[in-house]
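Participant: Note that the sequence shown ends on residue 715 in the working numbering; no numbers are left out.
Errors might be hidden in some of the hints.
[As the list claims (entries may be wrong)] Calculated cross-link-like contacts (lysine-lysine; reagent style BS3-like; alpha-carbon spacing at most 25 Å):
id : residue 1 : residue 2
1  : Lys-76    : Lys-305
2  : Lys-615   : Lys-635
3  : Lys-635   : Lys-601
4  : Lys-255   : Lys-237
[What the hints assert, rightly or not] Here are the simulated distance ranges between beta carbons:
id : residue 1 : residue 2 : range
5  : Arg-45    : Gly-163   : 53 to 59 Å
6  : Ser-172   : Asp-21    : 35 to 41 Å
7  : Gln-22    : His-51    : 21 to 27 Å
8  : Thr-619   : Met-239   : 34 to 40 Å
9  : Lys-601   : Arg-45    : 37 to 43 Å
10 : Ala-628   : Gln-40    : 53 to 59 Å
11 : Thr-506   : Asp-21    : 50 to 56 Å
12 : Leu-626   : Gln-22    : 29 to 35 Å
13 : Leu-241   : Lys-357   : 39 to 45 Å
14 : Met-550   : Val-504   : 58 to 64 Å
15 : Gly-537   : Gly-449   : 56 to 62 Å
Just so you know, the hints here were simulated from the structure itself, not pulled from any lab data. C-beta: ideal position from N, C-alpha, C; glycine also.
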Amino acid sequence: QEKSCHLSAALLGEDSEISQDQLYELLKYAALGKCHNAAQPSWCRIYHQSHLAGVVVVVLHEMSQLHFYRFYLQFKHLRKVFRHRFTLAPSANFPVSLYGEGANLKPQNTPQGLTSTSNECITKSSDLQCDPIIRRYGGKKKGLTSYTLTLEEQKENDYPIEGSPRCQGYISTECDQQRTDSSPLFGLDCEMCLTAKGNEVTRVSLVDARGQCLLNELVKPESTVLNYRTRFSGITKKMLLPVKTRLSDIQTRLKKMLPHDAVLVGHSLNSDLQALEMIHPSVIDTSLLFARNEGRRFKLKFLAKAVLGKEIQCEQKLGHDPTEDARAALELAQFFIEQGPIKVAELNLEMLLTAEKLAEVSQNKAHTELQPQGCGFQEQLNEPPPLSKPCFLDCLQVTGQKPLLLGRQGLDSSGLCQSNLSTSNKQILQRALEDVPLSKFSIIQFSLGPEYLASHLHAGLYEKVRSKLTDMLTIYAGPFEEDFCMKSVKKEFGRCGPIQSLTVVTETFQPYVCIQYEVLEAAQLAVESLNGAEVAGSCIKVQRPVTAAMLDCNVLIKELELDVENEGVIYVAGLKKSLTETDLQEEFSQLKDLETLFLPKDLQSGKHRNCCFLKFQKTQSAVDALEAINGWTMKGSELRSRNALAPGHLWRWIWQMNHSNGKQGKHIFYEKMEQLSDCEQDLRKKVKKLDHHIKKLYRSLQNNTLCVVLFPGVN
1 QEKSCHLSAA LLGEDSEISQ DQLYELLKYA ALGKCHNAAQ PSWCRIYHQS HLAGVVVVVL
61 HEMSQLHFYR FYLQFKHLRK VFRHRFTLAP SANFPVSLYG EGANLKPQNT PQGLTSTSNE
121 CITKSSDLQC DPIIRRYGGK KKGLTSYTLT LEEQKENDYP IEGSPRCQGY ISTECDQQRT
181 DSSPLFGLDC EMCLTAKGNE VTRVSLVDAR GQCLLNELVK PESTVLNYRT RFSGITKKML
241 LPVKTRLSDI QTRLKKMLPH DAVLVGHSLN SDLQALEMIH PSVIDTSLLF ARNEGRRFKL
301 KFLAKAVLGK EIQCEQKLGH DPTEDARAAL ELAQFFIEQG PIKVAELNLE MLLTAEKLAE
361 VSQNKAHTEL QPQGCGFQEQ LNEPPPLSKP CFLDCLQVTG QKPLLLGRQG LDSSGLCQSN
421 LSTSNKQILQ RALEDVPLSK FSIIQFSLGP EYLASHLHAG LYEKVRSKLT DMLTIYAGPF
481 EEDFCMKSVK KEFGRCGPIQ SLTVVTETFQ PYVCIQYEVL EAAQLAVESL NGAEVAGSCI
541 KVQRPVTAAM LDCNVLIKEL ELDVENEGVI YVAGLKKSLT ETDLQEEFSQ LKDLETLFLP
601 KDLQSGKHRN CCFLKFQKTQ SAVDALEAIN GWTMKGSELR SRNALAPGHL WRWIWQMNHS
661 NGKQGKHIFY EKMEQLSDCE QDLRKKVKKL DHHIKKLYRS LQNNTLCVVL FPGVN
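Please construct the entire structure, taking both the sequences and the accompanying hints into account.
Facilitator: As structure tokens, this is what we get:
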């Protein structure tokens with residue numbers, strides 16, 4: 001909804017259930033972005049992640065989808081503002097699924113009794129003083145001349161030096177040392193083969209400051225090749241057969257191409273210059289620029305991914321691409337110069353490298369298989385268990401971002417536990433309004449309180465919701481003549497949508513039928529289109545059951561229809577079951593702005609129902625489609641349509657409720673009915689207040705903040 005950064009997740013129907021891992025993907029990418037080795041989620045897309053002002057996760061402790069639909073009318077703000085809604089698959093350990101297995105969050109109680117880690121376990125700028133990059137370059141931004149190697153540094157790192165006995169016969173680029181901060185940068189990389197002489201150049205690439213390739217040339221070695229090193233160089237015998245270019249030709253061309261103040265950039269550039277047998281005074285070596293302790297160096301492949309978010313030296317390719325490597329080294333140097341040492345140190349590359357290695361080890365162990373016939377079995381039994389996936393909150397902390405945790409509950413490895421009742425939701429909200437703007441990642445936890453989360457109350461709520469949904473799916477039609485044709489009735493009402501059950505009511509003077517549908521839209525369509533109609537030779541009345549719980553049914557139907565998730569979505573019934581999804585796409589292709597077609601399936605048999613949902617890019621296009629489709633005949637079948645009422649996740653949940661054992665927990669429900677009725681009015685007020693808290697918190701957020709509200713349930 002925001003100006004520059006937004007989320008796209010067009011999932012309908014069965015796809016509206018997401019796993020905890022998918023949620024983890026979303027939060028990790030939103031919090032860290034490409035620069036910190038995080039990838040776009042597989043199931044949705046965040047546009048312009050770098051513009052995100054922050055991420056806020058609101059956890060409604062022990063509340064579930066059940067609470068959302070039981071108190072649907074009370075969650076007025078929540079359902080009107082949040083455009084994307086998904087069923088979350090159950091998880092055995094909710095915090096681990098949310099934050100990653102590395103999470104070990106044990107926030108300290110503040111004097112106000114609140115759980116908060118806004119100032120705990122966070123890498124502050126003072127801690128960065130120990131970083132080798134800060135120790136070497138200081139904290140201030142500098143020009144490129146501050147990062148070129150001194151003569152002493154070149155000697156220490158085996159660079160070709162003018163006048164050195166080892167460099168006799170080497171060619172100088174004849175560039176002077178009169179470099180300035182505006183001197184031009186050039187990326188250089190070579191590939192070598194092993195010959196009788198040693199390492200000889202077989203390919204040279206040079207790119208300018210814009211990354212444009214100036215030179216990409218194969219070179220014929222002087223001596224006999226002993227090893228082409230094809231796996232790394234990408235060079236084969238066949239490639240070099242027609243090549244006429246020699247090293248002296250490349251030396252001459254480089255001398256002509258480089259201006260007098262050129263600064264060469266490369267990764268372990270000394271090896272390239274040694275192989276080229278050339279001397280150049282102004283160099284930036286990215287293997288030394290991104291300094292590490294104890295003389296260790298980061299690989300170019302890792303730096304490109306961690307800093308630039310680029311994949312280079314991919315295993316699918318045969319050998320390295322020197323132009324790609326030269327460009328990557330150049331961009332790394334440009335990033336360092338533009339961002340400055342502090343920004344680079346805050347990336348905490350050491351931690352990211354460790355996390356990458358842990359992930360690789362864990363992945364390798366996950367693919368390990370037992371040896372046949374017991375061979376090597378004992379050895380594998382003694383192996384340690386697979387390593388956990390790194391926690392992205394750790395990444396946040398070490399990159400200088402400040403994760404904020406506020407709530408009644410302590411968060412530790414066992415889950416959300418140990419109530420601290422000294423703090424109310426109102427106090428948590430006040431702290432959140434003050435602290436969330438200061439944090440890039442916040443987790444705010446509200447709770448109804450333990451008195452409303454008892455298991456028997458939960459069972460009672462479940463039964464009430466199940467009972468109400470069943471009533472909303474049910475219609476009574478009649479009266480009919482004594483000898484009415486049941487087949488005609490079933491056919492007529494079946495045109496409104498899939499029927500779960502159809503029974504004759506015999507307690508009345510004249511027969512009525514009770515029809516339970518599988519989708520809410522079908523029941524509503526039957527009430528709207530068949531009430532007062534002539535069916536099976538009788539003028540009938542069509543109505544829902546009249547119970548106390550159903551008195552607000554029309555209000556609920558209206559609110560469901562206006563739900564933001566149903567904007568631009570229509571329901572179409574009366575389809576022949578022989579029609580495939582391809583047939584329907586073809587039939588409906590003439591409708592303007594059609595974005596998605598969802599064909600519901602029986603979750604047990606896999607067969608599709610006689611209805612579908614159409615999602616349009618524009619609301620007006622959906623309105624126009626409704627007018628066009630009503631009365632439309634498709635393959636000899638008359639279609640009926642209306643606005644959608646149940647988003648995909650609700651449709652799936654209703655199906656599960658319809659096919660679950662309704663008697664489960666009923667004895668608990670009836671025993672505790674009186675107690676539930678006593679507290680439910682109070683519960684409605686609590687939920688309404690909770691919705692108001694979320695509204696206040698949401699309105700206080702900066703533009704371009706990703707906000708996620710979670711109903712994790714009790715499991």
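Participant: The structure should be examined with respect to each hint, and the outcome stated for every one.
Facilitator: Structure-based check of each hint:
no.: 1; hint: Lys-76 <-> Lys-305; in the structure: violated (44 Å)
no.: 2; hint: Lys-615 <-> Lys-635; in the structure: holds (22 Å)
no.: 3; hint: Lys-635 <-> Lys-601; in the structure: holds (20 Å)
no.: 4; hint: Lys-255 <-> Lys-237; in the structure: violated (28 Å)
no.: 5; hint: Arg-45 <-> Gly-163: 53 to 59 Å; in the structure: holds (57 Å)
no.: 6; hint: Ser-172 <-> Asp-21: 35 to 41 Å; in the structure: violated (57 Å)
no.: 7; hint: Gln-22 <-> His-51: 21 to 27 Å; in the structure: holds (23 Å)
no.: 8; hint: Thr-619 <-> Met-239: 34 to 40 Å; in the structure: violated (59 Å)
no.: 9; hint: Lys-601 <-> Arg-45: 37 to 43 Å; in the structure: violated (26 Å)
no.: 10; hint: Ala-628 <-> Gln-40: 53 to 59 Å; in the structure: violated (37 Å)
no.: 11; hint: Thr-506 <-> Asp-21: 50 to 56 Å; in the structure: holds (52 Å)
no.: 12; hint: Leu-626 <-> Gln-22: 29 to 35 Å; in the structure: holds (33 Å)
no.: 13; hint: Leu-241 <-> Lys-357: 39 to 45 Å; in the structure: holds (41 Å)
no.: 14; hint: Met-550 <-> Val-504: 58 to 64 Å; in the structure: violated (22 Å)
no.: 15; hint: Gly-537 <-> Gly-449: 56 to 62 Å; in the structure: holds (58 Å)
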